[in-house]
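Q: Spelled out from the first residue to the last, the chains are:
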Amino acid sequence: GQQVMQIPQYQHVQEGEDFTTYCNSSTTLSNIQWYKQRPGGHPVFLIQLVKSGEVKKQKRLTFQFGEAKKNSSLHITATQTTDVGTYFCAARSSGSARQLTFGSGTQLTVLP
Amino acid sequence: DAGVIQSPRHEVTEMGQEVTLRCKPISGHDYLFWYRQTMMRGLELLIYFNNNVPIDDSGMPEDRFSAKMPNASFSTLKIQPSEPRDSAVYFCASSLFGGTGNTIYFGEGSWLTVV
Chain R
4 GQQVMQIPQY QHVQEGEDFT TYCNSSTTLS NIQWYKQRPG GHPVFLIQLV KSGEVKKQKR
64 LTFQFGEAKK NSSLHITATQ TTDVGTYFCA ARSSGSARQL TFGSGTQLTV LP
Chain G
38 DAGVIQSPRH EVTEMGQEVT LRCKPISGHD YLFWYRQTMM RGLELLIYFN NNVPIDDSGM
98 PEDRFSAKMP NASFSTLKIQ PSEPRDSAVY FCASSLFGGT GNTIYFGEGS WLTVV
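Protein sequences appear in the order of chains R and G.
Per this note's numbering, the very first residue in the first sequence carries number 4; after that it's consecutive.
Per this note's numbering, the very first residue in the second sequence carries number 38; after that it's consecutive.
The following block holds chain G by itself, in its conformation from the complex:
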């Protein structure tokens, strides 16, 4: 079975540019999560969706960040404009409520560098 698929795997962009990260969750999963990981702050939950609806976006750092989930098989995390402090690994993850102990399955991450 395909796992959570993220793209791009790596991105280097200049400060001020727009960055769009993409995610395809595991088919049938009803929860989708966006996490950010840095050395300083560890693994942070940015936002999560249930059945394509954003439930909690309190972890989104600021207005430069936005996330959408137009359908059950696709989500985006957008940063506009990007700043060097946004450099991090961004993980998308999905889960099935009530299934396999509500395990969260992570994608391989998008490694973002803003210069």
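The shape of chain R in the complex, shown without the other chains:
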């Protein structure tokens, strides 16, 4: 089945520093979604990327979809303590259009 590798697993940054998490697949993805889970909370949808090379921005967050549609990244500029949480990428399984495969997540800690 579809496998999505996400790195790094953990990241500690000082407030104000930038942060990036990467998601990689061995197969071409139809689309990729990003979710954020706050400590003690549930995953919440952030964005979906569909087109090759697509770049989307949400304030300090920049999402990219690779040209080959096999990788994606989430970059946060000038992190704040409110950015703390685990960021997951999720991609469609090749076996089913409705089954999302989640990456292992990157747990971000922002030190004040």
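Source of the hints: derived by calculation from the structure; they are not laboratory data.
We put the CB at the ideal spot given by N, CA and C, even for glycine.
A couple of the hints might just be wrong.
As the list claims (entries may be wrong) - Residues on chain R that point at chain G, a partial pick, calculated with CB under 8 Å:
id: 1; residue: P11
id: 2; residue: Y13
id: 3; residue: Y25
id: 4; residue: H45
id: 5; residue: P46
id: 6; residue: F91
id: 7; residue: L103
id: 8; residue: S107
Stated by the list, open to error - Non-contacting residues of chain G with respect to chain R, defined by C-beta distances greater than 12 Å in every case (computed):
id: 9; residue: P45
id: 10; residue: G53
id: 11; residue: Q54
id: 12; residue: K61
id: 13; residue: Q74
id: 14; residue: R78
id: 15; residue: R101
id: 16; residue: F102
id: 17; residue: N108
id: 18; residue: S132
id: 19; residue: I141
id: 20; residue: E145
Add chain G to chain R, keeping to what the hints say.
A: What follows is chain G alone, placed relative to chain R:
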């Protein structure tokens, strides 16, 4: 609008007991998912339904786990008998095919501890 509603939010039970987790998906959504989250294994898809019909239960760990969706507004995940290794957060989620980019909306989770 009400989101995905799960109950109980927290449950502590003794090994060997039956556990039933409940979920009410977002009204109108035609897909329902059960996920399990642990530190060791991350977020795992256990089973999902489309229009109340189970489509893929390959993620269900073993026969102790069962899930039902008797109607469009209710689903259960049952563990019988429960074991300490079942301790995890169980998320129910729902989605509307073709809607809002097929976003999956998660409930707040049921935190299960088996002692």
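Q: The structure should be examined with respect to each hint, and the outcome stated for every one.
A: Hints and how they fare:
With a least beta-carbon distance of about 14 Å to chain G, the hint placing P11/R at the interface is violated under the 8 Å criterion. At about 12 Å, the closest approach between the beta carbon of Y13/R and any beta carbon in chain G exceeds 8 Å, and the interface hint on this residue is violated. At a threshold of 8 Å, the smallest CB-CB gap from Y25/R to chain G is about 16 Å, leaving the interface hint violated. Annotation: interface hint on H45/R holds; nearest CB of chain G at approximately 4 Å, less than 8 Å.
A hinted interface residue such as P46/R counts as satisfied when its beta carbon comes closer than 8 Å to some beta carbon of chain G; here the least separation is about 5 Å, so the hint holds. Nearest Cβ of chain G to the Cβ of F91/R: about 7 Å, under the 8 Å cut. The hint holds. Residue-level restraint check for L103/R holds (minimum Cβ-Cβ distance to chain G is 6 Å; threshold 8 Å). The criterion of a C-beta within 8 Å of any C-beta in chain G is met by S107/R, whose closest approach is roughly 5 Å, and the hint holds.
Listed as a non-interface residue, P45/G keeps its Cβ farther than 12 Å from every Cβ of chain R; the least gap is roughly 15 Å. Consistency note on G53/G: stated as away from chain R, and its beta-carbon is indeed over 12 Å from all of that chain's, at 28 Å minimum. At roughly 25 Å from the closest C-beta of chain R, the C-beta of Q54/G stays outside 12 Å, upholding its exclusion from the interface. For K61/G, the non-interface assignment is confirmed: its Cβ lies about 15 Å from the closest Cβ of chain R, beyond the 12 Å cut-off.
The Cβ of Q74/G sits about 9 Å from the closest Cβ of chain R, inside the 12 Å cut-off, so the non-interface label is violated. Not every beta carbon of chain R lies more than 12 Å from that of R78/G, the smallest distance being close to 9 Å; the non-interface claim is violated. At roughly 23 Å from the closest C-beta of chain R, the C-beta of R101/G stays outside 12 Å, upholding its exclusion from the interface. Non-interface status of F102/G relative to chain R is upheld: no Cβ of that chain comes within 12 Å, the nearest being about 18 Å off.
Consistency note on N108/G: stated as away from chain R, and its beta-carbon is indeed over 12 Å from all of that chain's, at 19 Å minimum. Taking the minimum C-beta to C-beta distance to chain R, about 7 Å, the non-interface status of S132/G is violated against the 12 Å cut. For I141/G, the condition that its CB be more than 12 Å from all CB atoms of chain R is violated, with the nearest at approximately 6 Å. The claim that E145/G lies off the interface is violated: its Cβ sits roughly 5 Å from the closest Cβ of chain R, which falls inside the 12 Å cut-off.
The earlier numbered hints that this structure contradicts are 1, 2, 3, 13, 14, 18, 19 and 20.
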